[in-house]
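Undergrad: Residue numbers (my numbering), protein chains in the order written: chain A, 1 to 481; chain B, 482 to 962.
Any given hint might turn out to be false.
Unchecked claim - Within a straight-line C-alpha distance of at most 30 Å, the following computed DSS-like cross-link-like pairs (lysine-lysine) qualify:
#	chain 1	residue 1	chain 2	residue 2
1	B	Lys921	A	Lys100
2	B	Lys486	B	Lys703
3	B	Lys603	A	Lys277
4	B	Lys812	B	Lys878
5	B	Lys486	B	Lys758
6	B	Lys703	B	Lys719
7	B	Lys603	A	Lys335
8	A	Lys331	A	Lys5
9	B	Lys892	B	Lys850
10	A	Lys5	B	Lys603
11	A	Lys100	B	Lys560
12	A	Lys100	B	Lys925
13	A	Lys397	A	Lys222
14	B	Lys603	A	Lys331
15	B	Lys758	A	Lys122
16	A	Lys397	A	Lys411
17	A	Lys222	A	Lys5
18	A	Lys122	B	Lys816
19	A	Lys444	B	Lys581
20	A	Lys314	B	Lys560
21	B	Lys540	A	Lys335
22	A	Lys59	B	Lys812
23	B	Lys719	B	Lys758
24	B	Lys816	A	Lys59
25	A	Lys331	B	Lys816
26	A	Lys59	B	Lys603
27	A	Lys79	B	Lys581
28	A	Lys440	B	Lys581
29	B	Lys812	A	Lys122
30	B	Lys925	B	Lys878
31	A	Lys397	A	Lys331
32	B	Lys540	A	Lys277
33	A	Lys59	B	Lys795
34	A	Lys100	A	Lys222
35	A	Lys100	A	Lys79
36	B	Lys850	A	Lys100
37	A	Lys444	A	Lys222
38	B	Lys921	A	Lys59
39	B	Lys878	A	Lys122
40	B	Lys540	B	Lys581
Because the hints were derived from the structure by calculation, they are not lab data.
Residues per chain, in single letters:
Protein chains: 2
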Amino acid sequence: MADSKAITTRADDFSAWYNDVIMRAELADYSPVRGCMVIRPNGYAIWEQMQAALDRMFKDTGHQNAYFPLFIPQSFLAKEAQHVEGFAPETAVVTRGGGKELDEPLVVRPTSETIIYAMYAKWIQSWRDLPVLINQWANVVRWELRTRLFLRTTEFLWQEGHTAHATEAEAEAETLLILGVYRQFMEEWMAMPVIIGPKTESERFAGALRTYACEALMQDNKALQAGTSHNLGQNFAKAFGVEFQTAEGGLEHVWSTSWGVSTRLVGGLIMTHSDDKGLVCPPRLAQWQVVIVPIWRSDDEREQTCAAAAVMMKDLRGAGIRVTTDLRDMKPGAKYYEWEARGAPFRLELGPRDLANQSVMLARRLGGKEAVPMAGLAVRLQQEMATMQQALFDAAKARQAAATLRGPRSKQEFIDFIEGNGGFVYAGWCGDPAVEAEIKEQTKATIRCLPMPEFRSPEAPTTCIWTGRPATVEAVWARAY
Amino acid sequence: MADSKAITTRADDFSAWYNDVIMRAELADYSPVRGCMVIRPNGYAIWEQMQAALDRMFKDTGHQNAYFPLFIPQSFLAKEAQHVEGFAPETAVVTRGGGKELDEPLVVRPTSETIIYAMYAKWIQSWRDLPVLINQWANVVRWELRTRLFLRTTEFLWQEGHTAHATEAEAEAETLLILGVYRQFMEEWMAMPVIIGPKTESERFAGALRTYACEALMQDNKALQAGTSHNLGQNFAKAFGVEFQTAEGGLEHVWSTSWGVSTRLVGGLIMTHSDDKGLVCPPRLAQWQVVIVPIWRSDDEREQTCAAAAVMMKDLRGAGIRVTTDLRDMKPGAKYYEWEARGAPFRLELGPRDLANQSVMLARRLGGKEAVPMAGLAVRLQQEMATMQQALFDAAKARQAAATLRGPRSKQEFIDFIEGNGGFVYAGWCGDPAVEAEIKEQTKATIRCLPMPEFRSPEAPTTCIWTGRPATVEAVWARAY
Chain A
1 MADSKAITTR ADDFSAWYND VIMRAELADY SPVRGCMVIR PNGYAIWEQM QAALDRMFKD
61 TGHQNAYFPL FIPQSFLAKE AQHVEGFAPE TAVVTRGGGK ELDEPLVVRP TSETIIYAMY
121 AKWIQSWRDL PVLINQWANV VRWELRTRLF LRTTEFLWQE GHTAHATEAE AEAETLLILG
181 VYRQFMEEWM AMPVIIGPKT ESERFAGALR TYACEALMQD NKALQAGTSH NLGQNFAKAF
241 GVEFQTAEGG LEHVWSTSWG VSTRLVGGLI MTHSDDKGLV CPPRLAQWQV VIVPIWRSDD
301 EREQTCAAAA VMMKDLRGAG IRVTTDLRDM KPGAKYYEWE ARGAPFRLEL GPRDLANQSV
361 MLARRLGGKE AVPMAGLAVR LQQEMATMQQ ALFDAAKARQ AAATLRGPRS KQEFIDFIEG
421 NGGFVYAGWC GDPAVEAEIK EQTKATIRCL PMPEFRSPEA PTTCIWTGRP ATVEAVWARA
481 Y
Chain B
482 MADSKAITTR ADDFSAWYND VIMRAELADY SPVRGCMVIR PNGYAIWEQM QAALDRMFKD
542 TGHQNAYFPL FIPQSFLAKE AQHVEGFAPE TAVVTRGGGK ELDEPLVVRP TSETIIYAMY
602 AKWIQSWRDL PVLINQWANV VRWELRTRLF LRTTEFLWQE GHTAHATEAE AEAETLLILG
662 VYRQFMEEWM AMPVIIGPKT ESERFAGALR TYACEALMQD NKALQAGTSH NLGQNFAKAF
722 GVEFQTAEGG LEHVWSTSWG VSTRLVGGLI MTHSDDKGLV CPPRLAQWQV VIVPIWRSDD
782 EREQTCAAAA VMMKDLRGAG IRVTTDLRDM KPGAKYYEWE ARGAPFRLEL GPRDLANQSV
842 MLARRLGGKE AVPMAGLAVR LQQEMATMQQ ALFDAAKARQ AAATLRGPRS KQEFIDFIEG
902 NGGFVYAGWC GDPAVEAEIK EQTKATIRCL PMPEFRSPEA PTTCIWTGRP ATVEAVWARA
962 Y
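Please work from the sequences and hints to get the whole structure.
TA: Here's what the structure looks like:
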């Protein structure tokens, strides 16, 4: 049943707007289980499109899927010191099974490095077994205190890649390869521009040598960490004894990586593009790219327009367009309203007059309506979709640029920007973690990443924006989800 | 690393053979977690092909995917009396989260009826909201005492459909529709013939009105329950208060169904087709339908044959064939041996002489090798795959027929058959559960199903095979996994 109450506007309350969009589009719902959400069919369909695109990209770069157990013996988590420190406090623990207390409690995986490296130790013997390039699509559980639909839930769905390599250079190349895959997916499929770069030590994955992130900026100018790719060095290999015989006959620990994106991306998509009428979805990820709405006033007209809609749907599907027809016995206006809230990129209104003219009324989710000839409709829609996809990206990119401050001249300007409309601030940093912590404490802004060269300012900052000491790097700050 | 020890023969020890096939083909592995398996890339690829085919069939019959929480409040399970009795003893229970004891323990879902009906109660208000046709791909956990790779594991992957309807007739139609989808998938994709029909009360799903099953016969003449479709009546709707306003303005409980198949199907596929050389996989579900093995003795030859293999692979992929090339620096014979164990349906051996002749050596997994011209290779392979797919089904069907006894003349003949080579026995049954239990106790044979009309014997049995009393139905017995 569609929830028909009005959507709060973004200007009024961004957070309420976000929830309203999700409820009205029936993307997800709260569940009776603390912190866990239900992903409803309309929301899951977007995740399926995301999975299909990412999975293709992973396979095209040589990765295979596998599946590892949900449960991890508690002792495994403890084998990598930083890892257990990072994850133990937020685990869900199974202590009873089959009616009995377990000898060793089982942790519901918060991430799978430990169980996977236990297997890699068994599978990897020689340099001939390397690289191992495995990905897993799975659910994971992290006991979050404050949860938000899609963005932070106790259980979430994700993919986690886990690779093992013979050399440090190969592991680093893999880490960056995947960072690039993520960026490409976010920009070309989600139409969501990101900046990329390594995290500081305080934001690093528990047990990693280096963590790289893709950071996007939402419409409220808060940053969203959208995906991370970790170079784990030999940390987990040493903890789990993953050794291989080198081509020269020596024995070495493998170098490994892990990387993941999650259903959080659906939240990112919503907050990047949607408007006060509801969801706006990039055509490449929409469950239905086109919705046909036949219009009738009599049974005769109903028969005619529905028959024509069926032919049209078949043609468009044949051309590879994801299209559905809304045959429900409802007023057309109510259908338009609903499909707008659900984010269908295009609507085709098909009434008796359109039929007579051999045309159809094309309505765009981003606005505008025009009669277009039925002949060549599929090609026209393909063009419209490409145009919309690009328009969404361009608009998001322009918004990001408008909400970016490079090189504030003073600490106060930095603070004013963060406490005003907010956004990304590029500034110099002395590299001192205590300073990073103090900025976070005082402004709630965190270092999102140390930007990769292509994102850096033309002139490298020379002083730390907070201390005035010499800057060792340029960093990007923002308040974040 | 490939496990190179010989595979136990089926004649020697069927159970050891099954495990050896899995290990040699690297389909799965034992994990350090009690009863949980790791599905390795070669095994997961088969599951992915199964998922893709089934998912298409579900969507073509109007179903959508969604995702519900992994955790279920313990009190939910108790709301349907038979359900809790059936599942409570085999649950894994989370009692700690985020470092604290939970007020109410959470059960790791053994199946999702309870959490799903709690949501349906919220979503369904009116007859306009019906039917609800939702499927979920998920992991579930049942605390099994004796586990076997793929066939019975503590955690397994499956799909579970959950639908709600306005009438009992619609729910029954849905239950049977899905039973038909399962049968079609098993026969046309897995090349695994099945018999279908309702289960007896003792084998019914906990909380169902009726359970229908697809039952296959493995090469050791033991039955495998391969999929079930349940008509739940109004049991769960009443337990969770899922009511709707009828078109006439009344208030009624919905009628619902649930249905599932799991990674157990991979085990069924292995035990239906494989041989003493390893896995045999039907082409429609094979990760790689064709493997190209270039052959060389010099660097020049290597360059030539690998280049030709690349062109060939591109052509075949363009024709929609799943093909890979084995470029490893290994003897061709070792590669052949490995790809046979892994179940690749066809191998193309490509040496300098083949290149000169513009032909390639086609080797079939089922036996036979012949030189075929490169021209028209894709079409030829499509034909070969169709032939192999049919041959596998025909062979399995013939094996099933040979291991089927219809209308034993005496109780002793029934017992001798079951205790001999085994298989399906069709015989009359008086309908008394005590007799069913006694047969199970004495022969280890259970009633697999009460066969649907098309499977029944031409002459309906008149007496119960065990008691001599009048038969109420024809039943099919077998020892089962």
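Undergrad: Work down the list of hints and note, for each, if the structure agrees.
TA: Hints versus structure:
| no. | hint | verdict |
| --- | --- | --- |
| 1 | Lys921/B / Lys100/A | 28 Å, holds |
| 2 | Lys486/B / Lys703/B | 27 Å, holds |
| 3 | Lys603/B / Lys277/A | 24 Å, holds |
| 4 | Lys812/B / Lys878/B | 38 Å, violated |
| 5 | Lys486/B / Lys758/B | 12 Å, holds |
| 6 | Lys703/B / Lys719/B | 38 Å, violated |
| 7 | Lys603/B / Lys335/A | 22 Å, holds |
| 8 | Lys331/A / Lys5/A | 18 Å, holds |
| 9 | Lys892/B / Lys850/B | 49 Å, violated |
| 10 | Lys5/A / Lys603/B | 16 Å, holds |
| 11 | Lys100/A / Lys560/B | 22 Å, holds |
| 12 | Lys100/A / Lys925/B | 28 Å, holds |
| 13 | Lys397/A / Lys222/A | 14 Å, holds |
| 14 | Lys603/B / Lys331/A | 25 Å, holds |
| 15 | Lys758/B / Lys122/A | 24 Å, holds |
| 16 | Lys397/A / Lys411/A | 26 Å, holds |
| 17 | Lys222/A / Lys5/A | 27 Å, holds |
| 18 | Lys122/A / Lys816/B | 22 Å, holds |
| 19 | Lys444/A / Lys581/B | 28 Å, holds |
| 20 | Lys314/A / Lys560/B | 45 Å, violated |
| 21 | Lys540/B / Lys335/A | 22 Å, holds |
| 22 | Lys59/A / Lys812/B | 27 Å, holds |
| 23 | Lys719/B / Lys758/B | 53 Å, violated |
| 24 | Lys816/B / Lys59/A | 22 Å, holds |
| 25 | Lys331/A / Lys816/B | 64 Å, violated |
| 26 | Lys59/A / Lys603/B | 40 Å, violated |
| 27 | Lys79/A / Lys581/B | 22 Å, holds |
| 28 | Lys440/A / Lys581/B | 28 Å, holds |
| 29 | Lys812/B / Lys122/A | 25 Å, holds |
| 30 | Lys925/B / Lys878/B | 24 Å, holds |
| 31 | Lys397/A / Lys331/A | 38 Å, violated |
| 32 | Lys540/B / Lys277/A | 29 Å, holds |
| 33 | Lys59/A / Lys795/B | 16 Å, holds |
| 34 | Lys100/A / Lys222/A | 47 Å, violated |
| 35 | Lys100/A / Lys79/A | 26 Å, holds |
| 36 | Lys850/B / Lys100/A | 56 Å, violated |
| 37 | Lys444/A / Lys222/A | 11 Å, holds |
| 38 | Lys921/B / Lys59/A | 48 Å, violated |
| 39 | Lys878/B / Lys122/A | 39 Å, violated |
| 40 | Lys540/B / Lys581/B | 42 Å, violated |
The structure is inconsistent with the numbered hints 4, 6, 9, 20, 23, 25, 26, 31, 34, 36, 38, 39, 40, although it conforms to all the rest.
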